[in-house]
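Undergrad: Given chain A, work out where chain B should sit, using these hints.
Here's the letter readout for the chains.
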Amino acid sequence: MNARAPAGEAEEPSDADLVTRAQGGDTGAFESLVKRHIRAAHAVAFAVLAEKADADDAAQDGFLSALRHLDSCAPPEKFRAWLLTIVRNRALDLRRRGRVRSVETLEEGTAQTHEPSPLDMVERSELNVRLTAAIGKLTDTQREVLMMHDVQGWKHADIAHLLGLAESTVRVHLLHARRKLRTLLLAVAPSARPDEVIR
Amino acid sequence: MSANDENDDLLEFPAPVPELLDAYPRRAGAEWDALAAGIMRSAAPELERRRNERGIVRSILHLARPVGIASAAVLLFGGIGLAVTSDAEAAVTTASAQSAPSFAEVVDQEPASTLLASDRPPSANDLVSALERDSIQQVQP
Numbered sequence: 001m002n003a004r005a006p007a008g009e010a011e012e013p014s015d016a017d018l019v020t021r022a023q024g025g026d027t028g029a030f031e032s033l034v035k036r037h038i039r040a041a042h043a044v045a046f047a048v049l050a051e052k053a054d055a056d057d058a059a060q061d062g063f064l065s066a067l068r069h070l071d072s073c074a075p076p077e078k079f080r081a082w083l084l085t086i087v088r089n090r091a092l093d094l095r096r097r098g099r100v101r102s103v104e105t106l107e108e109g110t111a112q113t114h115e116p117s118p119l120d121m122v123e124r125s126e127l128n129v130r131l132t133a134a135i136g137k138l139t140d141t142q143r144e145v146l147m148m149h150d151v152q153g154w155k156h157a158d159i160a161h162l163l164g165l166a167e168s169t170v171r172v173h174l175l176h177a178r179r180k181l182r183t184l185l186l187a188v189a190p191s192a193r194p195d196e197v198i199r
Numbered sequence: 200m201s202a203n204d205e206n207d208d209l210l211e212f213p214a215p216v217p218e219l220l221d222a223y224p225r226r227a228g229a230e231w232d233a234l235a236a237g238i239m240r241s242a243a244p245e246l247e248r249r250r251n252e253r254g255i256v257r258s259i260l261h262l263a264r265p266v267g268i269a270s271a272a273v274l275l276f277g278g279i280g281l282a283v284t285s286d287a288e289a290a291v292t293t294a295s296a297q298s299a300p301s302f303a304e305v306v307d308q309e310p311a312s313t314l315l316a317s318d319r320p321p322s323a324n325d326l327v328s329a330l331e332r333d334s335i336q337q338v339q340p
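Quick note, the sequences are listed as chains A and B, same order. This note's numbering numbers the first residue of the first sequence as 1 and each following residue consecutively. This note's numbering numbers the first residue of the second sequence as 200 and each following residue consecutively.
Because the hints were derived from the structure by calculation, they are not lab data. What you are looking at is a predicted structure, and each value in this text was computed from that prediction instead of being measured. Positions of the beta carbon are idealized from the N, C-alpha and C atoms, including for glycine. Each hint should be verified, as a subset may be incorrect.
Claimed, not checked - Covered stretches of chain A, going by a simulated chain B footprint (3 or more residues, C-beta under 8 angstroms):
no., region
1, 73-86
2, 139-151
To be verified - Residues of chain A clear of chain B, computed beta-carbon distances all greater than 12 angstroms:
no., residue
3, GLU12
4, GLU51
5, ALA59
6, ASN89
7, ASP93
8, ARG96
9, ARG97
10, GLY98
11, LEU131
12, HIS161
13, LEU163
14, GLY164
15, LEU165
16, ALA166
17, ARG182
Isolated chain A, as found in the complex:
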């Protein structure tokens, strides 16, 4: 999780500059902030909600809330962490209020690296259903840590910073999440060999 512009793009304005300009209503500056951080914001929302469209809503609400309260973003160079906290709180709020859409399989939006055969599609669909159900049985923190680390490739330190936890605590949550997920996947597919369910 890097709050600065990628290397080689040093001429790009910093988050602090963009925040200062956006505070004055500069549309271009706010658009740059949105484009720079939308993937991270969506990833955080998805880690909580595990649903693409809900994550879209939470990310959008988070950006709008951040804009309304932009004057309280201090120091402005911490915009990214501040924004992601807002988005996460918004996602948690949506989840608590039960406004999430009905649970769908993870098949929708799944990356496909090759054209699957019909048999592949059936197996994948069944696995996705089981996976979705198993993820739903994790605790909120376990699910967030698991999704951020194993799905989105965040580092323990970044997750710890966002969730306000110690890095060691994040590792423990990840450990329990993985074990629980494997156990749940095995439990719902007792006839299958473990390596068929979890490669």
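TA: Just chain B now, kept in the frame of chain A:
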């Protein structure tokens, strides 16, 4: 062990579930742009409000600038004037203190010396004559 953290194996971590990697919906760049555009459409009123607010503040500051400069000038010159006046008063006070005679000088002069030599308390006539003499001395250059 995952690629993003190297020390997971120290806690005997189970490997990540591979299918999870497919769980996060991948988007093309155009889809992200569409999501960003939706956010910008919703943000437009707030951005406009901020622009207007900033414009009002700027106008007030623009109008207030001459008044501020004038106030600062008044305060500056007032302060300088006050300082000069205080210095002058202090100089006068010092000069008066330097010109006042000491107690020894006073008792050496008439009529105090005469009264001390005669060893009697001063009468009303002595006081009147002393005051008259003192006033005549102040008038003379």
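Undergrad: For every hint, state whether the structure bears it out.
TA: Here is what the structure says about each hint:
{"no.": "1", "hint": "73-86", "in the structure": "violated (count 0)"}
{"no.": "2", "hint": "139-151", "in the structure": "holds (count 5)"}
{"no.": "3", "hint": "GLU12", "in the structure": "holds, 16 angstroms"}
{"no.": "4", "hint": "GLU51", "in the structure": "violated, 9 angstroms"}
{"no.": "5", "hint": "ALA59", "in the structure": "violated, 7 angstroms"}
{"no.": "6", "hint": "ASN89", "in the structure": "holds, 17 angstroms"}
{"no.": "7", "hint": "ASP93", "in the structure": "holds, 18 angstroms"}
{"no.": "8", "hint": "ARG96", "in the structure": "holds, 22 angstroms"}
{"no.": "9", "hint": "ARG97", "in the structure": "holds, 20 angstroms"}
{"no.": "10", "hint": "GLY98", "in the structure": "holds, 22 angstroms"}
{"no.": "11", "hint": "LEU131", "in the structure": "violated, 6 angstroms"}
{"no.": "12", "hint": "HIS161", "in the structure": "holds, 14 angstroms"}
{"no.": "13", "hint": "LEU163", "in the structure": "holds, 15 angstroms"}
{"no.": "14", "hint": "GLY164", "in the structure": "holds, 19 angstroms"}
{"no.": "15", "hint": "LEU165", "in the structure": "holds, 15 angstroms"}
{"no.": "16", "hint": "ALA166", "in the structure": "holds, 14 angstroms"}
{"no.": "17", "hint": "ARG182", "in the structure": "violated, 6 angstroms"}
Checked against the numbered hints above, the structure violates hints 1, 4, 5, 11 and 17; every other hint is satisfied.
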